[in-house]
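Protein chains in written order, with our numbering: chain A, 1 to 338; chain B, 1 to 338.
FYI, nobody ran anything at the bench for these hints, they're computed from the structure. Please note: incorrect hints may appear among the correct ones.
For identical chains, the list gives no copy identity; a pair is met inside one copy or between any two copies.
Result set (DSS-like, lysine-lysine): computed pairs, CA atoms no more than 30 Å apart in a straight line [unchecked claim]:
hint : residue 1 : residue 2
1    : K263      : K52
2    : K196      : K254
3    : K196      : K81
4    : K254      : K123
5    : K294      : K138
6    : K305      : K52
7    : K278      : K176
8    : K203      : K44
9    : K270      : K83
10   : K274      : K254
11   : K138      : K123
12   : K23       : K44
13   : K274      : K23
14   : K275      : K254
15   : K95       : K270
16   : K275      : K123
17   : K52       : K169
18   : K294      : K203
19   : K81       : K190
20   : K123      : K190
21   : K83       : K176
22   : K275      : K81
23   : K253      : K274
Number of protein chains: 2
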Amino acid sequence: MSTNVRVAVDAMGGDYAPGEIIKGALQALEAEQSLTLIFIGRQKPLENELKKYQYDASRVQTVFAEEVIGMSEPPVAAIRKKKNSSIVVGMNMLKRGEADAFVSAGSTGAVLAGGQLIVGRLKGVERPPLAPLIPTAKGVSLLIDCGANVDARPSHLVQFAKMGSIYMKHVVGVKKPRVAIVNIGAEEEKGNALVKETIPLLKACTGIHFTGCIEARDIPYGAADVIVCEAFVGNVILKLFEGTSSMLLREVKKTLMSSLRTKAGALLIKPALKKTLKNFDSSQYGGAPMLGLKGLVVKVHGSSKALEVKHSVIQCVHFSKQKMNEKISSQISAGTPE
Amino acid sequence: MSTNVRVAVDAMGGDYAPGEIIKGALQALEAEQSLTLIFIGRQKPLENELKKYQYDASRVQTVFAEEVIGMSEPPVAAIRKKKNSSIVVGMNMLKRGEADAFVSAGSTGAVLAGGQLIVGRLKGVERPPLAPLIPTAKGVSLLIDCGANVDARPSHLVQFAKMGSIYMKHVVGVKKPRVAIVNIGAEEEKGNALVKETIPLLKACTGIHFTGCIEARDIPYGAADVIVCEAFVGNVILKLFEGTSSMLLREVKKTLMSSLRTKAGALLIKPALKKTLKNFDSSQYGGAPMLGLKGLVVKVHGSSKALEVKHSVIQCVHFSKQKMNEKISSQISAGTPE
């Protein structure tokens with residue numbers, strides 16, 4: 001039982017729930033022998049969907065929760081009111097130690113609120129950041145924080161740097177993660193009050209490899225592994241990165257389909273282009289972990305299909321096996337310079 | 001003389017100075033009959049470069065300034081010390097009314113500092129924003145502020161909205177510019193303290209067409225004409241947009257050159273793709289105006305070539321002919337709700 005990792009999966013959250021969610025989680029089950037799944041959701045759709053697959057039933061449990069939190073509901077109120085929703089039920093199982101991780105493609109706000117209010121923070125963690133992986137020209141970088149923690153303080157950013165560094169090292173496998181703080185210039189004298197106050201703290205911080213400031217234009221080139229910023233800026237980076245990529249690729253595709261000549265050209269370049277673009281498909285990197293909680297919460301895109309769900313569940317197994325929360329606790333309590 | 005627009009040009013600033021700067025400005029001279037140019041820079045390189053061209057000498061003046069402010073010099077100190085640099089000399093001419101506008105591809109910090117310290121703000125303007133145009137799927141949007149005004153207050157953002165709206169209407173020609181504020185969700189209850197405090201002020205603001213919040217992912221699609229944000233966020237948006245575009249296009253180009261097959265395909269799609277990408281080439285939109293000063297200061301990219309310089313100089317002519325500063329003064333003094 002001790003090496004077994006129990007991942008609770010919100011079967012009702014996301015645009016393609018429950019179909020793609022269940023499909024992806026069962027693919028992870030097949031890939032990871034040490035995995036046990038707990039599907040949480042409304043009985044009928046859940047059972048109907050599970051019927052379609054063959055799987056090792058001894059490693060799959062179902063928990064029924066008949067309420068569903070909508071994408072537009074005010075998160076905190078929804079968490080408090082809908083005690084029998086998949087998100088609240090899953091978070092409570094995490095809190096009681098009945099699951100090691102919880103994966104949801106549901107409302108980001110509700111997942112963030114539930115993580116804080118139900119699961120609760122590890123001792124010493126001031127704020128739990130949401131930390132998605134973003135694809136870059138060199139691989140992948142962790143953008144920390146993209147959560148709901150707006151108006152952060154310097155000490156929060158230092159904790160983000162520590163937690164992000166541990167994550168990139170032990171879950172993603174980067175030997176010596178380069179930690180940088182987002183700034184409006186490479187020079188330290190630039191920046192807003194938050195960044196200027198945080199830089200000396202990061203320099204004095206032991207156990208991380210702080211490389212200085214990163215300008216936003218260098219992020220897509222993979223100039224750092226852990227990109228530290230407060231949540232408003234992180235959210236802008238995450239969404240602008242997605243928006244710019246999707247808009248440009250849409251324009252390129254439109255161009256390729258614009259005439260017979262370009263269509264002929266498109267046929268020739270398609271296989272190679274597809275391979276290149278696959279590197280920038282975030283679905284293969286799994287979801288965004290919410291770090292610093294008593295159990296692991298992973299938020300996957302609302303538009304996720306099976307592949308992203310599969311990778312997110314597998315990510316939970318790595319996280320748990322690496323005893324990530326013990327590592328985070330020991331680093332956080334290692335003393336942050338004032 | 002009254003319909004004549006006098007544009008002072010920093011011949012020494014930028015990666016391709018003085019060659020491309022002078023070339024671009026002289027192209028503008030040919031295109032705009034009401035334009036007079038004042039080139040400011042070191043005598044030798046300036047005269048050597050001007051010799052290469054034929055132009056209407058009655059409309060071109062030279063002012064020699066032997067000092068140059070480097071890209072890495074601390075801006076405020078450089079402005080104070082190097083009284084005989086092209087930036088300081090140009091700004092002083094603007095201040096004394098000897099020029100209507102000043103264009104520079106030099107150090108952004110020095111241009112911003114000089115604008116504030118030498119040219120000075122229009123009465124009532126709290127902070128002069130730097131407002132570049134960014135190319136979108138629908139045309140172009142004004143990103144205001146990308147300057148040095150970090151840690152802004154709500155009243156600053158309201159002034160940015162007003163000035164940006166006037167600029168898009170009278171210089172770019174958008175009839176009823178849609179003004180939106182950058183936020184981490186479309187809902188008004190989201191956001192940091194600054195955004196939450198600014199939203200009701202923008203709603204109450206007369207003379208602008210405020211459409212609400214804009215998420216970063218919608219910016220590249222052209223979802224608003226005037227994108228209001230504080231400078232740190234604006235700088236991140238501007239640079240990430242450039243970085244993501246250039247990185248993706250580099251990857252696409254690498255793919256097109258990766259095999260004989262893709263090279264053949266590339267030949268077929270090249271003309272159409274080039275046309276599409278031209279829409280996203282910011283050099284055709286001119287430089288970033290610094291608004292709210294007693295004279296117009298335009299900052300062009302350090303990497304600008306003749307085309308961007310040409311458009312920036314022409315932009316100065318439009319700005320001046322539209323009596324933009326009178327319009328800004330009257331809107332700013334029209335009373336901002338508290």
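Violated constraints from the hint list, given by number and in increasing order
The structure conflicts with hints 1, 2, 4, 5, 8, 9, 11, 15, 16, 17, 21, 22, although it agrees with all the remaining ones.
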